[in-house]
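Please build the complete structure, drawing on both the sequences and the hints.
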Amino acid sequence: MKKGTKKLVTGLFTAGLAFGLVACSGNETSNSEENRSEKSDELSGEVTLWTASLAGEPFDTYFDNIEKKFEELHPDLDVIIEDIPQNEMEKKVLTSLTGDDVPDVVNLNPHYMSNIAAQGGLLDLTELLNEETKKSFVEGAYVAGFYDEKLYALPWYLTTTVSWYNGDHFEQAGITETPADFKGVYETAKAVTEATGKPSFYQVINDGNTIIEKMATLANGGPIVKDGKAVFANNKAILEYFTLTQKMYQEGLMPQENAEGSFSGGQELYMAGNVSFLESGVTFLGPIESGAPDIYAASKAGQPLSGADAPMNVAVMNFAVPSKSQNPDAAVALTEFVLNAENQLEFAKTAGTVLPSTLESLEDDYFQNPGDSQKALGMLEASKSLERSKVLLKATKNSALLRESAKNAFVRNLQGKVTPEEALKELEAEWNESFEKTDEKVTF
Amino acid sequence: MKSKILGKRISVYVLMVLITVITVGPFLVTLFMALKSPGEGIYEGILPQDPTMVNFIDSFEKANFGTYFLNTVIVTVMAVPLNLLFCSLAAYPLARMDFRGRGLALALIISTMMVPFQLYMAPLFQIAGELGLRNTHLGLVILQVSTAFGIFLMRQAYLRVPKELEESAYLDGANKFQVWYKIALPIVKPTIITLAIYTFTFTWGDYLWPLLNTTKSGMYTLSIGLAQLSQNFDGSNMKLISAASILTTIPTLLIFIWLQKYFVSGQTDGAVKG
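Protein chains in written order, with the working numbering: chain A, 372 to 815; chain B, 47 to 320.
Hints listed in this document are in silico derivations from the structure and should not be mistaken for laboratory results. Hints may contain errors.
[What the hints assert, rightly or not] BS3-like cross-link-like pairs, simulated, lysine-lysine; straight-line CA separation at most 30 Å: (1) B:Lys108 with A:Lys462; (2) B:Lys108 with A:Lys439; (3) B:Lys262 with A:Lys439; (4) B:Lys262 with A:Lys440.
In structure tokens, the structure reads:
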């Protein structure tokens, strides 16, 4: 689909769903309130939970156990757990909210969560949870469930950034450790490219989110947006990042394909041995293990390619309760149950590549000694970087535009169409214009 | 002169081989990838060094292919005859009968083709729920039981049927239904086959509507299984996805090969007369 057509279709889709949601919202609130007022001591009826892209083993067995254990606690309750492909989760939840077949608990990422919450599709959990539950989570992950100062979701599993590198390529170049700042990234990339004759560094861009996160990391605790005004154009570290990535791209230290910048593109290049190091989550290695066993065996994990104390972003997967849930009490209880320390620890062990969001489960010995597989070593690095991780970006009304303009600015800079200074100035101006329109005085 | 003809022939064959490589190439690469053993990298040469069927077996199990395959077969078997029946019935009056509002009816039907599915999927979801079609095979095919495209295609085909044939049937005492069934329908057989193939391929690969209209994974179809595989939590296993894609494509391929002689002749029907 062409970009314009895609935008039109997406616009029409959102407009259609928004209309549907507004039309249904009158019943929505009263339904939920009515349902909550009928609260009884014992939970009964049906409660449906949707997970995102967790079909098949080992997850089927894990969720069968969850189902069984929760039903034992509440014999009159029937728990149904279904899996939905992650990319369609938002569409599926929004569509279901226009009818009566609404799930009771849904697994969302913060982008989907804030969009659905903005349209009145999620239950405000602020008053429905006790303080003990709220305090059981890692602070940085917990705040990701807020939208407009209300708590709409609780954190489940987390992914933090680590660096992955091809140990054989590094050895060829005589490099023993990953760089800790962007100057170091440039020097390492140069040495590895000289040794292998191929581009060596890949910057994941995705829809622009990783670039904004990187900018926030480089700002090292200072804001990149202050009271709804972008304030990064004169930041030396960010300017250096834009300057060096442009230089690396021009010198062939980064592959031409980096202008597309997708996560899967990076995986393919790494799998084919055509790049040697990058920053990503632990799950990055999944397809490498099956698609390129030799590269997998040579892969090593390190800390993110930033200063040792620089704040890192944590990617959170949440659980939220749709506002039209027919069984909100059971939904909240099931959410708390799935997210308790014991079940989260079990899930993290089952998945093998993610971290739990409860403080208690993170203290388990498993995260200090996860094993010696490549993924386990990645987990170890991830749990170390979790200490300085938090959600760096705030959910804003214009977040899609912020991501898109960051991507465009980064790519134009990469390709040398603008100077790094111009790219940052233009990006700052675009963001400021957007914040003026939405009138949001956010700081992040 | 002879060498000129030979040169021309060679260049035509080179072009044909090139086009074949471009069209069949990706399919073969997918097949070879699916045949690679777990220890072999997907970028280590095109041909599998130690061909194995293990990815086909794994993908069959992991993507719950048995159930999804059965669901897909059921919905396709329902959708194809229903769409053929309703489209060929609806198109005939639009091509052959004079009644007030015929042009408007045709314009309204065709205009529905211009509305993106994303715009009406929410109300459709509501209606399907109210009609009790959620999580049912009939609910999954509801979009295919009568399509605007099918009606238009069939109408164009009916316009090509010589009026004289129908008139002589009327003179022999046939009624309208008999003329449609015994005269017009056999003549437009290639178009019917074309529509059958279109409906088959569309229903077989339909993804968004089956996903939206099901809240039980036991009702999922193959395309949803494929999406689950490719959006797997632990990243996509390209060998498994390739094997699953091949398994999903085989029935469509077989149907196409079986019906292709009709398909080719019927494909140009819509363009002949407007």
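Taking the hints in turn, this is what the structure says about them:
1. Distance check on the hinted pair: Lys108 (chain B) and Lys462 (chain A) sit about 25 Å apart at the alpha-carbon level, within 30 Å; holds.
2. A hinted pair counts as satisfied when its Cα atoms are at most 30 Å apart, and Lys108 (chain B) with Lys439 (chain A) qualifies at roughly 22 Å.
3. Among the hinted pairs, Lys262 (chain B) with Lys439 (chain A) is consistent with the structure: their alpha-carbon atoms are about 18 Å apart, no more than 30 Å.
4. Simply put, Lys262 (chain B) and Lys440 (chain A) have alpha-carbon atoms about 21 Å apart, close enough for the 30 Å limit, and the pair holds.
This entry satisfies every hint, going by the numbered hints stated previously.
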